[in-house]
Amino acid sequence: GAGVSQSPSNKVTEKGKDVELRCDPISGHTALYWYRQSLGQGLEFLIYFQGNSAPDKSGLPSDRFSAERTGGSVSTLTIQRTQQEDSAVYLCASSNGGSISYEQYFGPGTRLTVT
Amino acid sequence: AQKITQTQPGMFVQEKEAVTLDCTYDTSDPSYGLFWYKQPSSGEMIFLIYQGSYDQQNATEGRYSLNFQKARKSANLVISASQLGDSAMYFCAMRESYNTDKLIFGTGTRLQVFP
Chain V
-4 GAGVSQSPSN KVTEKGKDVE LRCDPISGHT ALYWYRQSLG QGLEFLIYFQ GNSAPDKSGL
56 PSDRFSAERT GGSVSTLTIQ RTQQEDSAVY LCASSNGGSI SYEQYFGPGT RLTVT
Chain R
4 AQKITQTQPG MFVQEKEAVT LDCTYDTSDP SYGLFWYKQP SSGEMIFLIY QGSYDQQNAT
64 EGRYSLNFQK ARKSANLVIS ASQLGDSAMY FCAMRESYNT DKLIFGTGTR LQVFP
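From first to last, the protein sequence lines are chains V and R. Under our numbering, the letters of the first sequence match residues -4 to 110, in that order. Under our numbering, the letters of the second sequence match residues 4 to 118, in that order.
Extracted from the complex, chain V is given alone in its bound form (with noise of 0.2 Å):
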């Protein structure tokens, strides 16, 4: 079946403006997750979303991320006045229900370049 999959796979952006990342988790999948990649390093927690709870923002680095996902499925992640910081690899995840071993599974990214 498919996978997860983002959009747009790059970005590239002036320093200032706003950008939305798109991502499509796996359908029936209830928790879906945003990291962030930044060159050479590992992966950083961003939000994380479970069914009808509140999400788990707790990894979003300023008061410029937001994120949100409509109807149990569609996430979007917005940066407003996004800083050459930001550029960045954004990984999308998805995984089925909260149980600790449950694998998630990874989008192929949204690289974003803030010039």
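I should point out that these hints are in silico values taken from the structure, not numbers from a laboratory. Be aware that a few hints might be false.
Computed, partial: chain R to chain V, Cβ under 7 Å [said to hold, decoys possible]: (1) GLY46; (2) MET48; (3) PHE50; (4) GLN86; (5) ALA91; (6) PHE94; (7) GLY111; (8) ARG113.
Only part of the chain R face toward chain V is listed, based on derived beta-carbon distances under 8 Å [claimed, not checked]: (9) VAL16; (10) LYS19; (11) PHE38; (12) GLU47; (13) TYR53; (14) LEU106; (15) PHE108; (16) GLY109; (17) THR110.
Backbone N, C-alpha and C fix where the C-beta goes; we use that ideal spot for every residue, glycine too.
Since chain V is already given, all that's left is putting chain R on it; use the hints.
This is chain R only, laid out in the frame that chain V set:
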């Protein structure tokens, strides 16, 4: 303090040989899960293997096995019979039962397999 530590930024192994990638972790939660992911140059994150903190036996998945030493808080990945296609970044990650479902990643190890 680092929750996941991968001390080997790079490793080399000859084709058909075995290689061990190190991972140590830090948690006070008795219930946690440990994951290894592979990230080829194409960028996607590929799940390899999972070990639960209560699992009595070391996890195995094909050529991958996890050397889980709970008292030492280590979860090393062993790849047997290395193949050229194993060349990639490898990330160790942990999920803690109390800490929602986010994965905490190490900084990764770049494995290069040579003929």
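Quiz prompt | Interface restraint verdict for R:GLY111 against chain V (beta-carbon cut-off 7 Å) | solution = holds (5 Å)
Quiz item: When the nearest CB of chain V is found for R:LEU106, is that gap smaller than 8 Å?
Solution: Hint holds; R:LEU106 Cβ to chain V Cβ min 6 Å, cut 8 Å.
Practice problem: Against chain V, run the beta carbon of R:MET48 and see if the smallest gap drops under 7 Å. | Solution: With a minimum Cβ separation of about 4 Å from chain V (threshold 7 Å), the hint on R:MET48 holds.
Quiz item: Holds or violated: is there a CB of chain V closer than 8 Å to the CB of R:LYS19?
Solution: Since chain V brings no Cβ nearer than about 28 Å to R:LYS19, farther than 8 Å, the hint is violated.
Self-check item: Per-residue hint verdict: R:GLY46, partner chain V, C-beta under 7 Å
Solution: holds (6 Å)
Quiz item: Was the hint right that R:ALA91 lines chain V, CB cutoff 7 Å?
Solution: violated (14 Å)
Exercise. With chain V as the partner, please determine if R:GLU47 meets the hint condition of a C-beta pair closer than 8 Å.
Key: holds (5 Å)
Self-check item: Evaluation of the interface hint that places R:GLN86 against chain V, nearest CB under 7 Å
Solution: Hint violated; R:GLN86 Cβ to chain V Cβ min 22 Å, cut 7 Å.
Quiz item: Taking 8 Å as the limit, does the beta-carbon of R:PHE108 come near enough to a beta-carbon in chain V?
Solution: Nearest chain V Cβ about 4 Å off; hint holds.
Quiz prompt | Hint status (Cβ of R:GLY109 to nearest Cβ of chain V, threshold 8 Å) | solution = For R:GLY109, the interface hint holds, since the closest Cβ of chain V sits about 6 Å away, which is under 8 Å.
Quiz prompt | Agreement of hint R:THR110 with chain V interface, Cβ distance less than 8 Å | solution = holds (5 Å)
Exercise. Report holds or violated for the interface hint on R:PHE50, using the least CB-CB distance to chain V and a cut-off of 7 Å.
Key: This hint holds: R:PHE50 lies near chain V, its Cβ roughly 4 Å from the closest one there, short of 7 Å.
Hint violations for this structure: numbers 4, 5, 8, 9 and 10, all remaining hints satisfied.
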